[in-house]
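2 protein chains.
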Amino acid sequence: MEHLSQSFTIKYDYQVYFTTSLFSIENTLFNDFLTSSESGLGGRKILYIVDKGVVSVYPQLIESIRAYFNKYKSVQLISDILIIPGGEGAKNDETGFKQILEAVHTNGIDRHSYIAAIGGGSILDMVGYASAVAHRGIKHIRIPTTVLSQNDSGVGVKNGINYFNKKNFLGTFSPPVAVFNDDLFLNGLTDAEWRSGISEAVKVALIKDNGFFQWLEENSTQLVDRDRVAMNYLIWKCAKLHMEHIASSDPFESGSSRPLDFGHWSAHKLEYLTNFQIRHGEAVAMGIALDTVYSNLAGLLPHDETQRILQLLMKFGFEVTHPLLQIEEDNNAILTGLEEFREHLGGILTIMLITAIGQGVEVHEMDRGLLKEAGKILNNFQP
Amino acid sequence: MEHLSQSFTIKYDYQVYFTTSLFSIENTLFNDFLTSSESGLGGRKILYIVDKGVVSVYPQLIESIRAYFNKYKSVQLISDILIIPGGEGAKNDETGFKQILEAVHTNGIDRHSYIAAIGGGSILDMVGYASAVAHRGIKHIRIPTTVLSQNDSGVGVKNGINYFNKKNFLGTFSPPVAVFNDDLFLNGLTDAEWRSGISEAVKVALIKDNGFFQWLEENSTQLVDRDRVAMNYLIWKCAKLHMEHIASSDPFESGSSRPLDFGHWSAHKLEYLTNFQIRHGEAVAMGIALDTVYSNLAGLLPHDETQRILQLLMKFGFEVTHPLLQIEEDNNAILTGLEEFREHLGGILTIMLITAIGQGVEVHEMDRGLLKEAGKILNNFQP
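Those protein sequence lines, which keep their order, are chains A and B.
Just so it is clear: in the first sequence, position 9 is 168 by the numbering used here, and no numbers are missing.
Just so it is clear: in the second sequence, position 79 is 238 by the numbering used here, and no numbers are missing.
None of these hints come from the bench; they were simulated from the model.
Where hints are given, some of them may not hold.
Note that the list lumps identical chains together, so a pair holds whenever it fits in one copy or between two copies.
Said to hold, decoys possible - Here are the simulated lysine-lysine pairs, DSS-like style, with alpha carbons at most 25 Å apart: (1) 325 / 204; (2) 367 / 396; (3) 325 / 257; (4) 399 / 170; (5) 170 / 204; (6) 367 / 474.
My request is simple: use the sequences and hints to build the entire structure.
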């Protein structure tokens, strides 16, 4: 019998909003979003999941949310706001994920209701994953609270938790319905947290935008001094570059096009090997440094640009290497990261390197001898 | 700062093939599919997950698959073929789901590899869900072995497992990359299994296609006598109607449009309340009967068409009611199915009824008195 052909497209739209003090009573942005989207469906609810670390810095946050929904009643607030631990370690088992499912079940959250996550990248990843699979997908709102999540993971389409000791082994491609970047949350970050998100901006500048890299160099002092105007621009620009890349290529990575992952193969592995004692952004800075020096040793990147990149990373206060990145023998643990990276993305190994600041290039193998040499150079690097 | 807008579309395409003896060496259909799709990516693997019940009826199946991939080597067969129990009960805990994840992990299955599921709807649902979330989505091939999965669930875009005693509480919308309907598998079905899939054909005919309903009436004797030509047409036509509905409306059910779920609200609940002693198709037949009589009592459906529908269901050998469908008090268990149905689909309660054979209509409430009366009428129904 004649075979049957199925073909359809699904359209995804969402906005990333920038605001200050999202839950101030006079700030109508959040309520405007809720009232504008899909009216006509009654009985919508909103369940909040909040990062425990954020609540400890902003203990009044929970009450602000309650007061906000006490004034704006377009959607029914689930008064039992779920507070769960964040940080990459929280993604290593299913505890948080299952707590979220339990809250969805208990509160009768359906596919036309909302789950809003407030927190760093790990909370957003966990909540995004739970939202994507409960009832085959509940509308998910992200409210990222760190530089890293406001400029990178929080504005993208991925979610996930770790499993079998593999980063994001479980997850989906599932866009949020909206993202709200509130710069007040940045005040509560430690210096290490503040800095940590900057490495993703360096990364995207290196492979996409020479002008943005120059801006980062010119504004590095302000950024180190925690100037909020400079940081707001960094976040906006970095989020924009990430979002443009997602939309213009292959949003759900079904083909062989790659995400923006310069410096990430070793960074992911390093986080695991150190049991997440190193922050993602710090590991990314080390991974960028390694692949920058490797690009230079492989004859792709000029020496002076290599120096500029390492100097900028150090200006921001990043370490550029780690003992685990020193490859001493053939079965060095960090090298297994290459195969795991290939497996996670699928297909043949593809690593992003750079030929100039602002110009990425893909290669399909890495020379172990050059990696070993790159590790040594970084170990002895003086700015 | 100016907000950022994200917008993109994702295109989904897949074919549903009809064949006989899929893994005969001389049948190149499956291999043709594998070689035609995305060549250029080396190292692709295929992991098979097979329904234990299918293997017990076709013990030579596993060796046929091995022999097939011994001849056709476009993709590397994972020799460790996973055999797991099927049936709706298998979806009630995470055992099967986790076994599949374990096999993905152990065998290094990546996003450009394939997971092929052979079995009934439960196996397809479980494997589809695991495939959708492992590495954020591995290419999934469905090889349905029952009438029900060949004409309905297997050709659609949903997957899932049960959780918190709620049917498909966990799952995603995630189309397969291909479906292969092999009619040889139908030989191995019991009469109850053979019949069970017919109720979904009656369902789709009732809400979509009066001509198909007449065909079912005219061919009911052949279908009861297990005529394969008639059954092949039933499956093809029913699959076609389901696929057209999915593509033409809202494939991932993000808005308020509804799936083809006539008779399903009570069927889902009945399966649970009987601990899956009643097959899905049998429960659907009872659910169709209930909502047909309800449609008549509500003044929507003429008496003679009501009689024709009940007579056809009984001709196929279905029971048209069940003691649990007799509503005796206000908090009858089956009535909680209405709220659970609303919650799972989200938004306001929407129930499909019919105004004529081939003509569905949506209503937003059901009268308990009429439901009680419908149950009584069915309890005393004589064809």
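Each hint, compared with the structure:
When the C-alpha separation of residue 325 and residue 204 is checked against a cutoff of 25 Å, the pair qualifies only between copies, where the shortest distance is 20 Å, while the shortest distance within a copy is 34 Å. In this assembly of identical chains, the alpha carbons of residue 367 and residue 396 lie at most 25 Å apart only when taken from the same copy (12 Å versus 51 Å across copies). When the C-alpha separation of residue 325 and residue 257 is checked against a cutoff of 25 Å, the pair qualifies both within a copy, at 19 Å, and between copies, at 15 Å. For the homomeric pair residue 399 and residue 170, the shortest alpha-carbon distances inside one copy (19 Å) and between copies (24 Å) are both at most 25 Å.
In the homo-oligomer, the alpha carbons of residue 170 and residue 204 lie at most 25 Å apart inside one protomer (24 Å), although the nearest pairing across protomers, at 31 Å, exceeds that limit. For the identical chains of this complex, residue 367 and residue 474 are intra-copy neighbours only, at 21 Å inside a copy versus 67 Å across copies, given an alpha-carbon limit of 25 Å.
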